[in-house]
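Number of protein chains: 2
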Amino acid sequence: MSTAAIVVIGNEVLSGKVDDENARYLIRELRALGVRLERISVIRDDLAAIEREVREASAAHTHVFTSGGVGATHDDMTMLGVARAFGVALERHPELVRLLEAHYRDRRTDTVMRMADVPAGTELLGLGELLFPIVKVRNVHVFPGVPSYLRMKFEYLKPRLREKAIVLRQIFVNVGESLIADAMAEVQAAHPDVEIGSYPRFDTKEYRVKITVESGDESAVDRAVAALAGRFEPAWIVRVE
Amino acid sequence: MSTAAIVVIGNEVLSGKVDDENARYLIRELRALGVRLERISVIRDDLAAIEREVREASAAHTHVFTSGGVGATHDDMTMLGVARAFGVALERHPELVRLLEAHYRDRRTDTVMRMADVPAGTELLGLGELLFPIVKVRNVHVFPGVPSYLRMKFEYLKPRLREKAIVLRQIFVNVGESLIADAMAEVQAAHPDVEIGSYPRFDTKEYRVKITVESGDESAVDRAVAALAGRFEPAWIVRVE
Numbered sequence: 004m005s006t007a008a009i010v011v012i013g014n015e016v017l018s019g020k021v022d023d024e025n026a027r028y029l030i031r032e033l034r035a036l037g038v039r040l041e042r043i044s045v046i047r048d049d050l051a052a053i054e055r056e057v058r059e060a061s062a063a064h065t066h067v068f069t070s071g072g073v074g075a076t077h078d079d080m081t082m083l084g085v086a087r088a089f090g091v092a093l094e095r096h097p098e099l100v101r102l103l104e105a106h107y108r109d110r111r112t113d114t115v116m117r118m119a120d121v122p123a124g125t126e127l128l129g130l131g132e133l134l135f136p137i138v139k140v141r142n143v144h145v146f147p148g149v150p151s152y153l154r155m156k157f158e159y160l161k162p163r164l165r166e167k168a169i170v171l172r173q174i175f176v177n178v179g180e181s182l183i184a185d186a187m188a189e190v191q192a193a194h195p196d197v198e199i200g201s202y203p204r205f206d207t208k209e210y211r212v213k214i215t216v217e218s219g220d221e222s223a224v225d226r227a228v229a230a231l232a233g234r235f236e237p238a239w240i241v242r243v244e
Numbered sequence: 004m005s006t007a008a009i010v011v012i013g014n015e016v017l018s019g020k021v022d023d024e025n026a027r028y029l030i031r032e033l034r035a036l037g038v039r040l041e042r043i044s045v046i047r048d049d050l051a052a053i054e055r056e057v058r059e060a061s062a063a064h065t066h067v068f069t070s071g072g073v074g075a076t077h078d079d080m081t082m083l084g085v086a087r088a089f090g091v092a093l094e095r096h097p098e099l100v101r102l103l104e105a106h107y108r109d110r111r112t113d114t115v116m117r118m119a120d121v122p123a124g125t126e127l128l129g130l131g132e133l134l135f136p137i138v139k140v141r142n143v144h145v146f147p148g149v150p151s152y153l154r155m156k157f158e159y160l161k162p163r164l165r166e167k168a169i170v171l172r173q174i175f176v177n178v179g180e181s182l183i184a185d186a187m188a189e190v191q192a193a194h195p196d197v198e199i200g201s202y203p204r205f206d207t208k209e210y211r212v213k214i215t216v217e218s219g220d221e222s223a224v225d226r227a228v229a230a231l232a233g234r235f236e237p238a239w240i241v242r243v244e
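Heads up: the sequence lines are chains A and B, in that order. With my numbering, the residue at position 152 of the first sequence is 155, and numbering never jumps. With my numbering, the residue at position 201 of the second sequence is 204, and numbering never jumps.
To be clear, the hints were calculated from the coordinates, so they are not data collected in a lab. Wrong hints could be hidden among the right ones.
Identical copies carry no separate label here, and so any pair may be met within one copy or between two of them.
To be verified - Here are the computed lysine-lysine pairs in the DSSO-like style, where the Cα-Cα straight-line distance is at most 27 Å:
1) Lys20 to Lys161
2) Lys20 to Lys167
3) Lys161 to Lys208
4) Lys139 to Lys208
5) Lys208 to Lys167
6) Lys167 to Lys139
7) Lys161 to Lys213
8) Lys213 to Lys167
9) Lys139 to Lys161
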């Protein structure tokens, strides 16, 4: 199963000036694609932090998606951070120069043309199809922070990322975690191919704990749900869905 | 100025089964308190990941707030992760034993009593005032993942965390970043005591870029805003607020 990490770059998210939409969008989309998201980091516009985070995420996960820090202003340092993460230099990419020249024409400045500088070894995805291509460096997709642009680019990538969908079943019980914890621990140990989660609720009388069982393998999910149900008193189970 | 990191622990957030409310709440509250949030990590219920993340966050920031993974089920491993981060053992805390016994009475099990196991050297805040005290290990506050509980505990902490408030001024301009990037970079370099951000919008005609200037020092913000305004054509400025 493929795994992923999201690296959100931007002081504006940490300071609450901008609400993060991108991680929330990617969480949903990756789940729908069957890619297991293993980590989200939100970090400052800080070169050393970007370098370190990207290097570690790239080594630990199948796909990395960064968001933010790719414009032309002083706080945009994602490209340099990604380059340093891989120990390569920034290079002015001729295809990006062409696109920026076509877009900015006589308004183009040295600062704007910096947006053509990408890490050596960059692959451009969607060139000619997207307004501006996706910058991919090894397994790292460098996305803009503007939500509509990020979505447009991710939509383009989706067919390449699709995995077997994750199957989720939920058991709602009317007893607290104290009564079911041992059974869950034992079933989890006996069924390592599924992931069992447990979520108490205190603001409804309908149930007290929601137990989730999920896996890419539907029959494994069925087996674990049956094992759990077999260990609970029948009266505890509100419903299974 | 104090700094902070948030570590959200839980597969349910990464898989999109539960929408993270806690980081969003803490972003707002820390901003209002004048504490600079420098990092958010969302990680899986994985002992090694918790250990590493907490160790690094504790070393790099004034305050660390963890959320999640503190119940009595098999996927709750935050306490052990925090203990390992500091190279200490888990110890059964007599005050927590007393509270759990009073709460669970004859429903108490070995599994439930595990919630009294905390890292050696734990400080309990709000004992006798809160329903269940805050577990603090060095500079790490271990919060539950249930949003209403986390909020109750954070409200209790607030008076201890308050710093000088951050002053924010915003300049809205009707030109793109390409025209203002150089001025912003120069003003940022000349005014290191403020933080200048730049946020293009594409879905309104009212302005094209919002420039933010912020600092704990109001007069520093005023100086930087004046320096920026002095470098822009007057017609570019839509408004300053």
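Now for the hints, and whether the structure bears them out:
Taking identical chains as interchangeable, the C-alpha atoms of Lys20 and Lys161 lie at most 27 Å apart only when they sit on different chains, with a minimum of 21 Å there against 30 Å within one chain. For the homomeric pair Lys20 and Lys167, the shortest alpha-carbon distance between copies (18 Å) is at most 27 Å, but the shortest distance inside one copy (37 Å) is not. Taking the shortest alpha-carbon separations for Lys161 and Lys208, neither the intra-copy value of 40 Å nor the inter-copy value of 32 Å comes in at or below 27 Å. Taking the shortest alpha-carbon separations for Lys139 and Lys208, neither the intra-copy value of 49 Å nor the inter-copy value of 32 Å comes in at or below 27 Å.
Neither within a single protomer nor between protomers do Lys208 and Lys167 lie at most 27 Å apart by alpha-carbon distance, with minima of 36 Å and 43 Å respectively. For the identical chains of this complex, Lys167 and Lys139 are intra-copy neighbours only, at 24 Å inside a copy versus 42 Å across copies, given an alpha-carbon limit of 27 Å. Within a single copy, Lys161 and Lys213 get their C-alpha atoms no closer than 31 Å, and across copies no closer than 32 Å, so neither meets the 27 Å cut-off. Taking identical chains as interchangeable, the C-alpha atoms of Lys213 and Lys167 lie at most 27 Å apart only when both belong to the same chain, with a minimum of 25 Å there against 42 Å between chains.
Taking the closest pair of Cα atoms, Lys139 and Lys161 come within 27 Å of each other only inside a single copy of the chain (14 Å); across copies the shortest separation is 43 Å, beyond that limit.
When each numbered hint is compared with the structure, violations occur for hints 3, 4, 5, 7.
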